[in-house]
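Undergrad: One letter stands for each residue in the lines below.
2 protein chains.
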Amino acid sequence: MSEQEEMRDRPIGVFDSGVGGLTVAREIMRQLPNERIVYFGDTARVPYGSKSPETIIKFSRQIARFLQTQNVKAIVIACNSASSCAVEALEREVELPIIDVVRPGAKTAVSATKNNKIGVIATEATIGSGIYSRYIQEQNADAMVLSKACPLFVPLVEEGLWEDPVTDEIAGRYLTELIDVGIDTLILGCTHYPIIRSTIGRIMGDGVTLVNPAYETARELKSLLQEKGLESSHRPGLGTELYRFFVSDAADKFQKFANSILTYGILSAKVINIDEY
Amino acid sequence: MSEQEEMRDRPIGVFDSGVGGLTVAREIMRQLPNERIVYFGDTARVPYGSKSPETIIKFSRQIARFLQTQNVKAIVIACNSASSCAVEALEREVELPIIDVVRPGAKTAVSATKNNKIGVIATEATIGSGIYSRYIQEQNADAMVLSKACPLFVPLVEEGLWEDPVTDEIAGRYLTELIDVGIDTLILGCTHYPIIRSTIGRIMGDGVTLVNPAYETARELKSLLQEKGLESSHRPGLGTELYRFFVSDAADKFQKFANSILTYGILSAKVINIDEY
Chain A
12 MSEQEEMRDR PIGVFDSGVG GLTVAREIMR QLPNERIVYF GDTARVPYGS
62 KSPETIIKFS RQIARFLQTQ NVKAIVIACN SASSCAVEAL EREVELPIID
112 VVRPGAKTAV SATKNNKIGV IATEATIGSG IYSRYIQEQN ADAMVLSKAC
162 PLFVPLVEEG LWEDPVTDEI AGRYLTELID VGIDTLILGC THYPIIRSTI
212 GRIMGDGVTL VNPAYETARE LKSLLQEKGL ESSHRPGLGT ELYRFFVSDA
262 ADKFQKFANS ILTYGILSAK VINIDEY
Chain B
12 MSEQEEMRDR PIGVFDSGVG GLTVAREIMR QLPNERIVYF GDTARVPYGS
62 KSPETIIKFS RQIARFLQTQ NVKAIVIACN SASSCAVEAL EREVELPIID
112 VVRPGAKTAV SATKNNKIGV IATEATIGSG IYSRYIQEQN ADAMVLSKAC
162 PLFVPLVEEG LWEDPVTDEI AGRYLTELID VGIDTLILGC THYPIIRSTI
212 GRIMGDGVTL VNPAYETARE LKSLLQEKGL ESSHRPGLGT ELYRFFVSDA
262 ADKFQKFANS ILTYGILSAK VINIDEY
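Chains as they are written, first to last, in the numbering used here: chain A, 12 to 288; chain B, 12 to 288.
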């Protein structure tokens, strides 16, 4: 087998602070069924969204080092907070293609908007980084970007209140300003948010396009693999560990949540000590 | 200065996964005004309540090692999740008096109940450990203990929804079972919960005694220091760094929250790298 063929057979590394990135992994599974995935969820240190950029960079570096020990051919940062704070550091330091979720989301929103008023909802870390505004305005200097941190969405999703009056009430409070400004496009800038997409969509109304960066991220990954000749050419057989899951804590809880998100039932998740990387 | 005098002048180490333990620190400040405090909040890895016992023990060990570098004379585990999972490990490994928040809370509840029906509300980690039930039943084999994990209380408190219809609604859902069973005593088994004490009290009604372990923990600390001859004999003067605060991330955010809880304005919090301990 040539070196290039060996490279093509390697898995994609996907990471997140916890379970949210599974919405991105799910989209990669759909769009790139030939690709193997090694997923890492940092469940010992979740959430990232309320933490500082320095800490998020440090955690992301450790994870990138771990994924490299798993022989991945590319890394997908399936977490908006880590994408916002750490993508530049990882691109400098890691000799592998890196895909983040922010740039694809920004790009899609710029294509989708008609009135140039784009909303972004995300964690405090992502909003604080200002990165969505930067990417959007690089592509469309006329775009007005209204950002809103929604810190309670992650715990509400993790508690399973996906369709619940409490989630409606909290979403109503967070989204009012965005409605008042008249945005026509809203980026779901946290990988947990697509899970409550129907609540957000109902409150925003039919006139607003919801952008889920997961879809565009998987497309971007596909193009990048094609461009670099790194696409897997065949669907891996059973027994080749198509998808492997690692976490830094509480594998049982992760598996339970993962099985509610992925149509493909995950067999198991293995706990590793991420501090050692 | 004799060795014993030198020991007496040392600070008390107090730690928590984040800001919740400040409710315990506040009680120590009130009841033991002569004592210096070194507080550590593990803001890089908060929350602990949803994590596994193994991870909580590992984090607590690192913190105990850090506090020992600060020359503390005793350690207060001001976090129910860490008390539940790690107190025994720390007692075995650390040669200092260790006070946790669970045993004092259990003791107070046993004294307070008249109908032997005690409720405990806490994080998943604390409830999962079963430790409140164990301590309560060791002291009163007839007591019936009803435990309920309330995972949304911490994010609601941290978002500042201390008096809010959403917090009322969520509290109503969590507390219904406890009301139905007819408990007469309820332990606030997470250091964040005293902050929404008035909401919890209104829902439970006048017939239910709310136990805040912080008060009893500070009393227990006082007795222990007296017993061991370790009480500070004089109020430290200005400039002696009466209270020092360390965190593992985001000092600004910690300071802001701390200043809303402590009457004593904290001057600053210093970020340390807790992984190194």
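For the record, the hints were derived by calculation from the structure and aren't laboratory data. Please note that the accuracy of each hint is not assured.
Unchecked claim - What the simulated footprint calls covered on chain B by chain A, stretch by stretch (three residues with Cβ under 8 Å from a Cβ of chain A suffice, anywhere in the stretch; the number is not a length): (1) 42-56; (2) 62-71; (3) 166-174; (4) 200-207.
To be verified - For each label pair, taking beta carbons as the anchor points, the in silico distance ranges come out as: (5) A:Glu170 x B:Asp217: 23 to 33 Å; (6) B:Glu188 x A:Asn127: 46 to 56 Å; (7) B:Asp217 x A:Gly141: 48 to 58 Å; (8) A:Arg41 x B:Ala152: 34 to 44 Å; (9) A:Asn284 x B:Gln79: 19 to 29 Å; (10) B:Ile272 x A:Gly141: 24 to 34 Å; (11) B:Gln237 x A:Gly171: 43 to 53 Å; (12) A:Arg41 x B:Asn126: 18 to 28 Å; (13) A:Asn127 x B:Glu287: 32 to 42 Å; (14) A:Gly212 x B:Glu287: 44 to 54 Å; (15) A:Gln81 x B:Pro176: 46 to 56 Å.
Quick reminder that beta carbons are idealized off the backbone N, C-alpha and C, glycines included.
Undergrad: Now, for every hint given, state plainly whether the structure supports it.
TA: Structure-based check of all given hints:
Counting residues of the stretch 42-56 of chain B whose beta carbon lies closer than 8 Å to any beta carbon of chain A gives 3, which reaches the threshold of three, so the coverage claim holds. Restraint check on the stretch 62-71 of chain B versus chain A: 4 residues with Cβ-Cβ distances below 8 Å, three needed, restraint holds. For the stretch 166-174 of chain B, the stated coverage by chain A holds: 4 residues have a C-beta nearer than 8 Å to a C-beta of that chain, and at least 3 were required. By the rule of at least three residues with a Cβ nearer than 8 Å to a Cβ of chain A, the coverage given for the stretch 200-207 of chain B is violated, with 0 such residues.
Take A:Glu170 and B:Asp217: their Cβ atoms lie about 30 Å apart, and the range 23 to 33 Å holds. Judged by the Cβ atoms, the range 46 to 56 Å given for B:Glu188 and A:Asn127 holds: they are separated by roughly 51 Å. Remark: the range hint 48 to 58 Å for B:Asp217 to A:Gly141 is upheld by a beta-carbon distance near 50 Å. In this structure the hint that A:Arg41 and B:Ala152 lie 34 to 44 Å apart at CB is violated, the actual value being about 56 Å.
At about 23 Å, the beta-carbon gap between A:Asn284 and B:Gln79 stays in the expected band of 19 to 29 Å. Taking 24 to 34 Å as the suggested C-beta distance range, the pair B:Ile272 and A:Gly141 conforms, at roughly 30 Å. With their beta carbons about 48 Å apart, B:Gln237 and A:Gly171 fall inside the hinted range of 43 to 53 Å. A hinted range of 18 to 28 Å for the beta carbons of A:Arg41 and B:Asn126 is inconsistent with their spacing of about 56 Å.
The supplied range of 32 to 42 Å is broken by A:Asn127 and B:Glu287, whose beta-carbon atoms lie about 48 Å from each other. For A:Gly212 and B:Glu287, the hinted distance range of 44 to 54 Å is satisfied, since their beta carbons lie about 46 Å from each other. Here the CB-CB span from A:Gln81 to B:Pro176 is close to 47 Å, well matched to the stated 46 to 56 Å.
In this structure, the earlier hints numbered 4, 8, 12 and 13 are contradicted, and the remaining ones agree with it.
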